[in-house]
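Top line first, the protein sequences correspond to chains A and B.
Just so we're aligned, residue 236 is where the first sequence starts under the working numbering, counting upward by one.
Just so we're aligned, residue 236 is where the second sequence starts under the working numbering, counting upward by one.
Source of the hints: derived by calculation from the structure; they are not laboratory data.
Hints are not guaranteed to be accurate.
[Stated by the list, open to error] Simulated restraints, written as ranges between beta carbons of each label pair:
{"id": "1", "chain 1": "B", "residue 1": "Pro363", "chain 2": "A", "residue 2": "Gly427", "range": "32 to 40 Å"}
{"id": "2", "chain 1": "A", "residue 1": "Glu325", "chain 2": "B", "residue 2": "Pro401", "range": "46 to 54 Å"}
{"id": "3", "chain 1": "A", "residue 1": "Gly484", "chain 2": "B", "residue 2": "Pro401", "range": "50 to 58 Å"}
{"id": "4", "chain 1": "B", "residue 1": "Glu609", "chain 2": "A", "residue 2": "Gly427", "range": "53 to 61 Å"}
{"id": "5", "chain 1": "A", "residue 1": "Thr340", "chain 2": "B", "residue 2": "Pro401", "range": "54 to 62 Å"}
{"id": "6", "chain 1": "A", "residue 1": "Arg504", "chain 2": "B", "residue 2": "Glu344", "range": "48 to 56 Å"}
{"id": "7", "chain 1": "B", "residue 1": "Glu262", "chain 2": "A", "residue 2": "Glu623", "range": "21 to 29 Å"}
{"id": "8", "chain 1": "B", "residue 1": "Glu493", "chain 2": "A", "residue 2": "Pro589", "range": "17 to 25 Å"}
The structure displayed is predicted, hence computed values, not measured ones.
From the three backbone atoms N, C-alpha and C, an ideal C-beta is built for every residue, glycine too.
There are 2 protein chains.
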Amino acid sequence: MRCDVLAIGTELLLGQIVDTNSAWIGEQLAEAGIDSFEHRQVGDNLSRMVHALRDLLEHGDSVIVCGGLGPTPDDVTREAIAEVMGVELERRDELIEWVSALFTTRGREMPANNLRQCDIPAGAEPIPNSVGTAPGIRAPIGEKVVYAVPGVPYEMQLMWREQVLPDLLRRAGQQSAIVSRSLKTWGTSESGLAEMIAHRVDAQSNPTIAFLARGIEGLVVRITAKAPTHEDAFALIEPEERAVRAILGDLVFGVDDETMESVVLDLLRKRGLTLGLAESVTGGLVASRLVATPGTSDVLKGSIVAYMTDVKRSLLGVDAEHIVSEAAARQLAGAARELLRADVGLGVTGVAGPEEQDGQPAGTVFFGLAVGDEPVEVVGTRLPGQREMVRQFATITLLNLLRLKLLSMA
Amino acid sequence: MRCDVLAIGTELLLGQIVDTNSAWIGEQLAEAGIDSFEHRQVGDNLSRMVHALRDLLEHGDSVIVCGGLGPTPDDVTREAIAEVMGVELERRDELIEWVSALFTTRGREMPANNLRQCDIPAGAEPIPNSVGTAPGIRAPIGEKVVYAVPGVPYEMQLMWREQVLPDLLRRAGQQSAIVSRSLKTWGTSESGLAEMIAHRVDAQSNPTIAFLARGIEGLVVRITAKAPTHEDAFALIEPEERAVRAILGDLVFGVDDETMESVVLDLLRKRGLTLGLAESVTGGLVASRLVATPGTSDVLKGSIVAYMTDVKRSLLGVDAEHIVSEAAARQLAGAARELLRADVGLGVTGVAGPEEQDGQPAGTVFFGLAVGDEPVEVVGTRLPGQREMVRQFATITLLNLLRLKLLSMA
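With the rest of the complex left out, here is chain A (with noise of 0.2 Å):
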């Protein structure tokens, strides 16, 4: 089974948007085991959209369209379907009740140019949407498929979900749920999580086991089963995740889509613990990070800033020789612990580059615990990077430096 992407829209041709559709909907074909050799972009332009689709159903088994839904007269995927199905389009009365309540509910009236949205090429289907105007389509073209979905992400997505991948899947004969289990991992290479767990991935079949990078945010162990139903393929991962955590161990921060600070949060917040950070060279992004997470405000006293020498002896009391050093990042935790008036204090400093500092070079960090009663504990590393890529790594270092302290006091 081979399905490939079209995406429509002259704003992608002149890059005024970045086609993440086609990525996503790649993503998602890949982890369904089906095949896609050829994703493409066509303005709002019939006669290309005609050819392109002509040229993938030639080569591959079906075809998904993304865009030219909407109700103006450049949105023309219905007509290029019905073009290529050599049909004429057809008012549908069933859709034209569903939109316009749509609009009642909203308290408007339907404008004229929404009728255009209920029509559907003879012998092709609308696929609902539950929650845009645009129906998509299911237009089969004689042994082959072509589906129309709109392109705002959100509502291309859920469609996808509900309604596109499922008949995908009985078309390419995989009477079949198929369930993922991301594990968030930090702490180790690709190279050595793949050492660690290769044995795993030799043996395995199904679920299979993928790596993903995923920058600043680690890296992703996925386990995916195919099964005959959700829950049978819940049960071909459940004892995989068992084996390959027993493996990583706490290399293992979360899984799916939560997040570090996420799970540092909840950590704190389940044993009442309240959070102050003193922080230098990450300048404020880690409780920029935290705060952008839910759930802050019951955990995060504050941070204090402290960017200049100045603030940090005047307002901090560091008086360490080396601003860059273990001493300072020891009395940056203290002071945070105890200006915040917090249970843990957090304390950050290094050099973000691209120049050396107090004869350390750029990637330098040293970090801060200083958790309840207990002596503050130190960490230095060296990141690498750039200036903005060592704020971010420091950031969750930082943080899961915090998460392997509350788990070992667990």
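Based on the hints, put chain B in the right spot on chain A.
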């Protein structure tokens, strides 16, 4: 002249990487007045690359092939172009010399694999790569032409600007330079901006004027001129820029690569002023965005992120009854100036949402500006959008208020 884009890489189809190169090239082509009607992505597969190249060349005049120029066996862009040309690959001595010299400067031996990067289809020409090991290729095919460029965005963009675009313009018969000037604005809506300069947009054909919405980076008015030389193009832009600036006044905060952060830091530095922040709703985002900008260290003293109310009261001495209020913003700004011993103190408090707070709806934000010995000024506003967007908009709005204040003092 029509120029399409073919991006190479199985990782694009699998959704592991989003193809931003094609959008970038599309934007460049649009700006140069060259039509681009189709973008495609295919995997590292010789026969599909050859099919795509032939199809694109049949309909257009030129194709940019992006990626597949690396040293490993799955990089087959060279082979695909040779097959479309109907010629063999030739190993070029001057490229061997050049690539091995590159490895020598890096203190390494050239791996045997890299010899593949010295292969060029007979009749084609290498394009120098000033920052990587992969030379590009310029391949004439009848009256048409294929340019192969690296997939690494930085290498691609440099090669594009230095080599490909000028060559393409020569072929298009445009013995001309295209120059743009972006005026970045903050403080009005896209329709408001369009209305203000509608008469200039309508009156112009060279230079042209376009609007680009950049979200939290503001709205951009881009003036683009074509002329035989760069100097001539600049001469066309200059009077138009003056006219647009006369209309927009200090809505324009910067040009081209300038950001709100870099502009505000420059204004402070020129006046010899230091900056201290007290952040509530932004949670460290103001500091973090400033620190991400080069040249912060002689201006930014630091930021006190007072997220919980008790920190505002104990550390910053805020005694205003309501934490989201004009009075609290005034006290935050004053405390930032005093505690961080800064010339300028900024304070920001508000409701990021989704819930209301202090009887104020989500999006309500108060800004305090404490400049020198002057009394603190306070501005209140209601910002649109969800939680994270409120924080981002609050950050830029605060910096813009400081910019206007500093300009008024000049």
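Inset, instruction - Using the Cβ atoms, figure out if glutamate 609 (chain B) sits within 53 to 61 Å of glycine 427 (chain A). - result: Once the Cβ atoms are compared, 57 Å apart, the range 53 to 61 Å for glycine 427 (chain A) and glutamate 609 (chain B) holds.
Inset, instruction - May I ask you to test the hint 50 to 58 Å on the CB atoms belonging to glycine 484 (chain A) and proline 401 (chain B)? - result: Hint holds: Cβ distance 56 Å, inside 50 to 58 Å.
Inset, instruction - Given the hint of 32 to 40 Å, check if proline 363 (chain B) and glycine 427 (chain A) actually sit that far apart at their C-beta atoms. - result: holds (37 Å)
Inset, instruction - Using the Cβ atoms, figure out if glutamate 493 (chain B) sits within 17 to 25 Å of proline 589 (chain A). - result: Given a distance of about 21 Å, which is inside 17 to 25 Å, the answer is holds.
Legend entry - Cβ distance range 48 to 56 Å for arginine 504 (chain A) and glutamate 344 (chain B), holds or violated: holds (54 Å)
Inset, instruction - Mind checking the hinted window 21 to 29 Å against the Cβ distance between glutamate 262 (chain B) and glutamate 623 (chain A)? - result: This hint holds: roughly 24 Å between Cβ atoms.
Legend entry - Outcome of range test on Cβ distance (threonine 340 (chain A), proline 401 (chain B); 54 to 62 Å): holds (56 Å)
Inset, instruction - Using the Cβ atoms, figure out if glutamate 325 (chain A) sits within 46 to 54 Å of proline 401 (chain B). - result: holds (52 Å)
Comparing the model with each earlier hint shows no violations; every hint is respected.
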